[in-house]
Amino acid sequence: MSIWEYANPKKFMQTSAWALPWVTGLAVVALVGGLIWGFFFTPDDYKQGSTVKIIYIHVPSAMMAINAWVMMLVASLIWIIRRHHVSALAAKAAAPIGMTMTLIALFTGAIWGQPMWGTWWAWDPRLTSFLILFLFYLGYIALWEAIDDPDTAADLTSVLCLVGSVFALLSRYAVNFWNQGLHQEASLSMDAEENVADVFWYPLLVCIAGFVLLFVTLVLIRTRTEIRSRRLKALEARERMA
Amino acid sequence: MMPDLGKYAGTVLSAYGVTLALLAALVLLSLWRGARVKRALEAQERRMGRGNG
Amino acid sequence: MIALLLRDLRLAIRAGGGFGLGLAFFLIVTVLVPFGVGPEGGTLAKIAPGILWVGALLACLLSLDRIFALDFEDGSLDLLATAPIPLEAVVTMKAAAHWLTTGLPLVVAAPVFGVLLNLQGEGFFWLTVSLALGTPALSVIGTFGAALTVGLKRGGLLLSLLVLPLYVPTLIFGAETVRRGTEGMETGAPLMLLAGITAASVALLPFASAAAIRVNLR
Chain A
18 MSIWEYANPK
28 KFMQTSAWAL
38 PWVTGLAVVA
48 LVGGLIWGFF
58 FTPDDYKQGS
68 TVKIIYIHVP
78 SAMMAINAWV
88 MMLVASLIWI
98 IRRHHVSALA
108 AKAAAPIGMT
118 MTLIALFTGA
128 IWGQPMWGTW
138 WAWDPRLTSF
148 LILFLFYLGY
158 IALWEAIDDP
168 DTAADLTSVL
178 CLVGSVFALL
188 SRYAVNFWNQ
198 GLHQEASLSM
208 DAEENVADVF
218 WYPLLVCIAG
228 FVLLFVTLVL
238 IRTRTEIRSR
248 RLKALEARER
258 MA
Chain B
3 MMPDLGKYAG
13 TVLSAYGVTL
23 ALLAALVLLS
33 LWRGARVKRA
43 LEAQERRMGR
53 GNG
Chain C
4 MIALLLRDLR
14 LAIRAGGGFG
24 LGLAFFLIVT
34 VLVPFGVGPE
44 GGTLAKIAPG
54 ILWVGALLAC
64 LLSLDRIFAL
74 DFEDGSLDLL
84 ATAPIPLEAV
94 VTMKAAAHWL
104 TTGLPLVVAA
114 PVFGVLLNLQ
124 GEGFFWLTVS
134 LALGTPALSV
144 IGTFGAALTV
154 GLKRGGLLLS
164 LLVLPLYVPT
174 LIFGAETVRR
184 GTEGMETGAP
194 LMLLAGITAA
204 SVALLPFASA
214 AAIRVNLR
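Protein chains in written order, with the numbering used here: chain A, 18 to 259; chain B, 3 to 55; chain C, 4 to 221.
Honestly, the hints are just simulated from the structure, not real lab data.
It is possible that part of the hints are untrue.
[What the hints assert, rightly or not] Subject to a maximum C-alpha distance of 16 Å in a straight line, what follows is the list of computed EDC-like cross-link-like pairs (lysine to aspartate or glutamate):
{"hint": "1", "chain 1": "B", "residue 1": "K40", "chain 2": "A", "residue 2": "E162"}
{"hint": "2", "chain 1": "A", "residue 1": "K250", "chain 2": "B", "residue 2": "E47"}
{"hint": "3", "chain 1": "A", "residue 1": "K250", "chain 2": "B", "residue 2": "E44"}
{"hint": "4", "chain 1": "C", "residue 1": "K156", "chain 2": "A", "residue 2": "E162"}
{"hint": "5", "chain 1": "C", "residue 1": "K156", "chain 2": "C", "residue 2": "E43"}
{"hint": "6", "chain 1": "C", "residue 1": "K156", "chain 2": "A", "residue 2": "D166"}
{"hint": "7", "chain 1": "C", "residue 1": "K156", "chain 2": "A", "residue 2": "E253"}
[What the hints assert, rightly or not] Just a sample of chain A residues kept apart from chain B, beta carbon distances all over 12 Å, derived:
{"hint": "8", "residue": "G50"}
{"hint": "9", "residue": "I72"}
{"hint": "10", "residue": "V87"}
{"hint": "11", "residue": "A122"}
{"hint": "12", "residue": "W129"}
{"hint": "13", "residue": "L148"}
{"hint": "14", "residue": "W161"}
{"hint": "15", "residue": "Y190"}
{"hint": "16", "residue": "A226"}
{"hint": "17", "residue": "V236"}
{"hint": "18", "residue": "I244"}
Just so it is clear, CB atoms sit at the ideal spot from N, CA and C, and this is done for glycine as well.
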């Protein structure tokens, strides 16, 4: 066993055990506070009525869906370059969270689209990109599940994450291109950040912070689980050898 | 207590409902699996003796 | 390298399976679609570019798991990995062999199948051009997917799940070229982007594929 194999996860466990209660507390405060602020104490939009309240979950979850993938990309790079086990496990831990965020963004978008656009689903560039992102998450998680040897799995998923990132970006532009051919300029897309008044903006900021903290909390919890699970497997293997 | 959501009440509430359900499922799954693995690891470590653990 | 390419081609033809299977699958998709959407000519003409591209893509997908599977099973992949030529070149040759046995027949057959779907006028030309430019990318991307899943027992379905999202940009630009071509619009932009994807994939992806194979053979 090299020193990286053993010492670093241990340090991570200690640090995260110390940090976890704080992050969890902050996440709960920001999330509950932001959502209550947004849900109960903001006015309705003159055009969208009360559906404007959906942005407090839709926008943060959409942001986290992308940020989670970016985080996985960075973690994969660290794994490839430094062979840092915690990094690979953190990427694995983040994937289901990112997938859930993508699902939330898609569902809330569809629910919002029903009364606003008159349809649950439109092949709007943003919606389509998120659907593709969801497929990427599915493939990534499936590859992790399919491979038994953890180091092989970490290597292959990292390569997939790198290549997938490039193709996800490509798809984003391709989809933009493709959609212009069908509709004229998509007046459907919701540019929330740009035309949101302050009344909506501040609770939205709190909600975004809440989602970020929730993501960090869950990544910490899930990474700890992954580390324990690997240690468990190593111990079981050692027992069988003995 | 409930704000007046007007004619979009169903829309807004279902969006929040779906989100909270998905997030709750994610959190509970994470915690459940975390607790299970932790228990299994502790049992294993006890069985093998704490000597080299 | 040429020897390797010839060997793969001979194997593909002799083993039967892979060579004609993709074409037959493509034909069946093309035949089934009118049953699904109805025989009305206008509708078929409208969806023909998309159907032909999706059909070609699926036919390509079908034979991907054969790229490395046989060599992995009988151990010749290990030999190739230790051979004096770089693994990147081996992977490129594998992709080339796959394209020659699967992609090229599709390119040749697609205009014929286009008749079945009532493809219009200029469409035949643009279909051939876009497939000729796009299918190499499908083969190279598919080789990457096959390299990722080479050691797995039930890799086939996973391979499709991994590769299909990667095919999205190629499909979009390819089908868009044909669609614009049939409507007499300018096709330069999507065709250039399609060529760009192919060029970049051929240049860069073999490195990723070779890396994946090295991990799988470790």
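Right, here's what the structure says about each hint:
{"no.": "1", "hint": "K40(B) with E162(A)", "verdict": "violated, 20 Å"}
{"no.": "2", "hint": "K250(A) with E47(B)", "verdict": "holds, 11 Å"}
{"no.": "3", "hint": "K250(A) with E44(B)", "verdict": "holds, 12 Å"}
{"no.": "4", "hint": "K156(C) with E162(A)", "verdict": "holds, 13 Å"}
{"no.": "5", "hint": "K156(C) with E43(C)", "verdict": "violated, 44 Å"}
{"no.": "6", "hint": "K156(C) with D166(A)", "verdict": "holds, 14 Å"}
{"no.": "7", "hint": "K156(C) with E253(A)", "verdict": "violated, 24 Å"}
{"no.": "8", "hint": "G50", "verdict": "holds, 15 Å"}
{"no.": "9", "hint": "I72", "verdict": "violated, 10 Å"}
{"no.": "10", "hint": "V87", "verdict": "holds, 19 Å"}
{"no.": "11", "hint": "A122", "verdict": "violated, 9 Å"}
{"no.": "12", "hint": "W129", "verdict": "violated, 7 Å"}
{"no.": "13", "hint": "L148", "verdict": "holds, 16 Å"}
{"no.": "14", "hint": "W161", "verdict": "holds, 14 Å"}
{"no.": "15", "hint": "Y190", "verdict": "holds, 29 Å"}
{"no.": "16", "hint": "A226", "verdict": "holds, 15 Å"}
{"no.": "17", "hint": "V236", "verdict": "violated, 10 Å"}
{"no.": "18", "hint": "I244", "verdict": "violated, 9 Å"}
In summary, the structure is inconsistent with hints 1, 5, 7, 9, 11, 12, 17, 18 from the numbered list given earlier, while agreeing with the others.
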